[in-house]
Each structure stands twice: as structure tokens, then as C-alpha cells.
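Could you put the whole structure together from the sequences, leaning on the hints where they help?
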Amino acid sequence: MKAFTTALYVCGLLMLVATVMGAIDYTNAQKKGTIKKLYKEETPVVVKPINKEIDYEDFSRGEINRPEPITTKRKNVSKRVDSIKIENDAVIQPKKEKIREEPTAKENEIVEKKVSKKKNISYKNFSRGPIEKFEPASSIDTVENKSWQY
Amino acid sequence: MNARIVTQQKARAFATAIFFWLPVVFFSLLLIYNTLPYFGFGKNFSFIQERAVLFLQPFYSASFYVHIFAGMFCIGSVLLQFSLTILKKRKAIHVWSGRIYVVVVLLLGAPTGMYMSFFAKGTIAEKGLFMFMAISWFFFTLKGFSSILNKNVLAHKNWMLRSYAMALTAVTFRIYYLILYVFNVELTLNYEVSLWISVVGNLLVAELIIYNKAKKYLQTFSN
Chain U
39 MKAFTTALYV CGLLMLVATV MGAIDYTNAQ KKGTIKKLYK EETPVVVKPI
89 NKEIDYEDFS RGEINRPEPI TTKRKNVSKR VDSIKIENDA VIQPKKEKIR
139 EEPTAKENEI VEKKVSKKKN ISYKNFSRGP IEKFEPASSI DTVENKSWQY
Chain L
25 MNARIVTQQK ARAFATAIFF WLPVVFFSLL LIYNTLPYFG FGKNFSFIQE
75 RAVLFLQPFY SASFYVHIFA GMFCIGSVLL QFSLTILKKR KAIHVWSGRI
125 YVVVVLLLGA PTGMYMSFFA KGTIAEKGLF MFMAISWFFF TLKGFSSILN
175 KNVLAHKNWM LRSYAMALTA VTFRIYYLIL YVFNVELTLN YEVSLWISVV
225 GNLLVAELII YNKAKKYLQT FSN
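So the sequences go chain by chain: U and L. Per this note's numbering, the very first residue in the first sequence carries number 39; after that it's consecutive. Per this note's numbering, the very first residue in the second sequence carries number 25; after that it's consecutive.
No lab work stands behind these hints: they were computed from the structure. Heads up, a few of these hints could be off.
[To be verified] The calculated lysine-lysine pairs, modelled on DSSO-like cross-linking and capped at a C-alpha distance of 30 angstroms, are: (1) Lys67/L with Lys75/U; (2) Lys40/U with Lys175/L; (3) Lys113/L with Lys237/L.
[Said to hold, decoys possible] To give an idea of the chain L side of the interface with chain U (calculated C-beta under 10 angstroms), a few residues: (4) Val77; (5) Ser170; (6) Phe197; (7) Leu211.
Using N, Cα and C, we set each Cβ at its ideal position, and we do this for glycine too.
The following block contains the structure:
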């Protein structure tokens, strides 16, 4: 029973030492400002909403804010040939001119790239670390001053 | 005993094994499996990289490795402790595994956890929660050990159940963390919420089990 009591005292002392050391190191870290650098995450990119003007004419089944064509249109015109005379006098009339319109975009239209983020969860994510790949500002190898900075 | 009661008991034991112990064993082993690579002492782990500044301090680094060793050992050894078969047929395994568990928690796991809690991720509330976890883990284990020395088996079971609930927060936290991640909860919030749910939830479940056992025990007197 005496050994048990002694072991208890040792364990209690260890807890006390851990608490005191933790408190001292934490205070030092706070003073040096090191604690603020911990667990910093990059601020997420905020996508600004596009101002969409809706008028009463849009209250229909048709397309809302149909993109207006840009004034300059490119036309792919095949070379005009009036007629070709073949030796046996048969006249081949040229086909009707084909005008192919290029798809046009609204001048101020902001093309938003939809990025669908697929969540790949593996057994390796079963940890307390960040799930998404953590890219630290400074890793242990790159920190120049390797001494304890507190 | 009535055949119907026996069948009910068997069905309940089977359901507990399937819906409780099977996931617990699986996730506990997964935790151990994921912890083992850390003992290569490499730095290419997201957990370490996130705390790169802390790992420059030898004391924190040492505490971390001791803590994960202790945690891994506790999570693994506890799986043997709750086996009734081992307790009845191989009592020595239960006794020695239990002794080692107590030593590991009181000497290694809880003190290192306490030290690391000062630098835990989250606000002051989460740091406080980690401190509470370390202290309560220490206290519950100590009470469990002292009660068995005093031959109080009932109290020993209850205190050890609470101790295990604290140890198992490491497992439940990771489960909640992944579930909330799937539901697109912001990562810092996810971390904090998962932590609170795992600690409070585990304690509540432990108390519920103890309450139900006590209720059944008291019913035996009225019958």
C-alpha cells in the first residue's frame, strides 16, 4: 500500500510539473507572439456576386438577360464562285452562301469557372491533423532559426 | 431462467457486438495503424506541419511522441479489458493489461496531454476542454485503480468505464470530424464542434451505461 501511495504522489507530481511547464511555455510563447502564428489558415476566396438586372420583361419562360451580340461579327464566307463551266456544257450552280455566326459573348460578362471540389476521404484522414492538404508558411525544415523561439 | 429472457439477453449481446464493439474495434485499430508511421519520426505529416513552430521545441516534441504512444497503447489494451471471456478464463491477462494501462495513463498519457493542452488548436474553451480531458482521464483511472485495490469491483467497473470514455474521445473525435467534413462544415468550426461532441457525448454515453447497469442491479433486489 505504501508503494501505491508513493506511485500516486509521483503521478500527481508529474501532472503538476506538466501543468506548470505548460503554463510557463505558453506565457513565454504569448510574449514572443509565436502562439499567434500557430494554426493559421488561409482566408477562403470570396467570389463576388454578379449584379444581375432583372426587369419586367424577364418575367417570362424565355432566357433572362440573353447575351447581346457584339457589334462586330465575324463571318466565315466561302469564296464566291459564279459558275463553273465543264466541258460538256453542264452548268453547275454554286451553293447558297453559308454564313456561320460565331458564338458571341456579352462584353462585360464574367465567366465564372465552376470548380467542383470532390472530397476524397481516405483512412489517412482519420487523424487530428487538417483533412485538406495543409500548406504551411514555414515547415520545420525551412525555418532558419532552429532553436526554440519562445 | 426463463428461455425467453435468455434469448433476449443473447440478442442484446449480439446487437451490442455488431453495432458497438465492431465499429469501436475497427476504428481503434485504424487509429493505431495511422499512429504507427509517426514513429518513423518524419515531419511529413499534416498534424506536425500545422504545428511546425511547436515541434521545434524538444519538450513539446517529446511530449507528443510519448502521448501518442500512450494513447495508442491505451486504445489497444482496453479492447482486451472489456472482454468477459478473458476476465473469466484468463484473469491474469486482465490484471496485467490493466496494470500497464494504469501506469501508462498516469505516468505518460495524462501528464503529456496536460502539457500539450496549453498549445491545443482552438479557442481558450477548447484548450480548457483538453485540460479537462487530461485531468479527468487521470482522475478516473486513479479512482478505478484505487477502487479495485479496495476490492470494490462495482466502483472499479464504473470508474474504468469513465476512463475508457475519455480515452475513446481520440476515436470518436475523428469520426465526427470526418462526418462534419463531408457535410461541408468549415474546418476550424468542425474541429471545435467535433471536439465538444466527442468529449461530452462520450461522458454522457458512459454515464448512461452506468445508470442502466445500476438500475438493473437495483431491480434484482426488488424481484
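The hints, checked one at a time:
Between Lys67/L and Lys75/U the alpha-carbon distance is near 18 angstroms, which keeps this suggested pair within the 30 angstroms criterion. For a cut-off of 30 angstroms, the pair hint linking Lys40/U to Lys175/L stands: about 17 angstroms separates their Cα positions. Distance check on the hinted pair: Lys113/L and Lys237/L sit about 23 angstroms apart at the alpha-carbon level, within 30 angstroms; holds. Given the 10 angstroms rule on beta carbons, the hint for Val77/L holds: about 6 angstroms separates it from the nearest Cβ of chain U.
Taking 10 angstroms as the C-beta cut-off, the interface hint given for Ser170/L holds, the closest approach to chain U being about 8 angstroms. The beta carbon of Phe197/L comes within 7 angstroms of a beta carbon in chain U, closer than 10 angstroms, and the hint placing it at the interface holds. Checking Leu211/L against chain U by beta carbon gives a least distance of about 6 angstroms; that is within 10 angstroms, so the hint holds.
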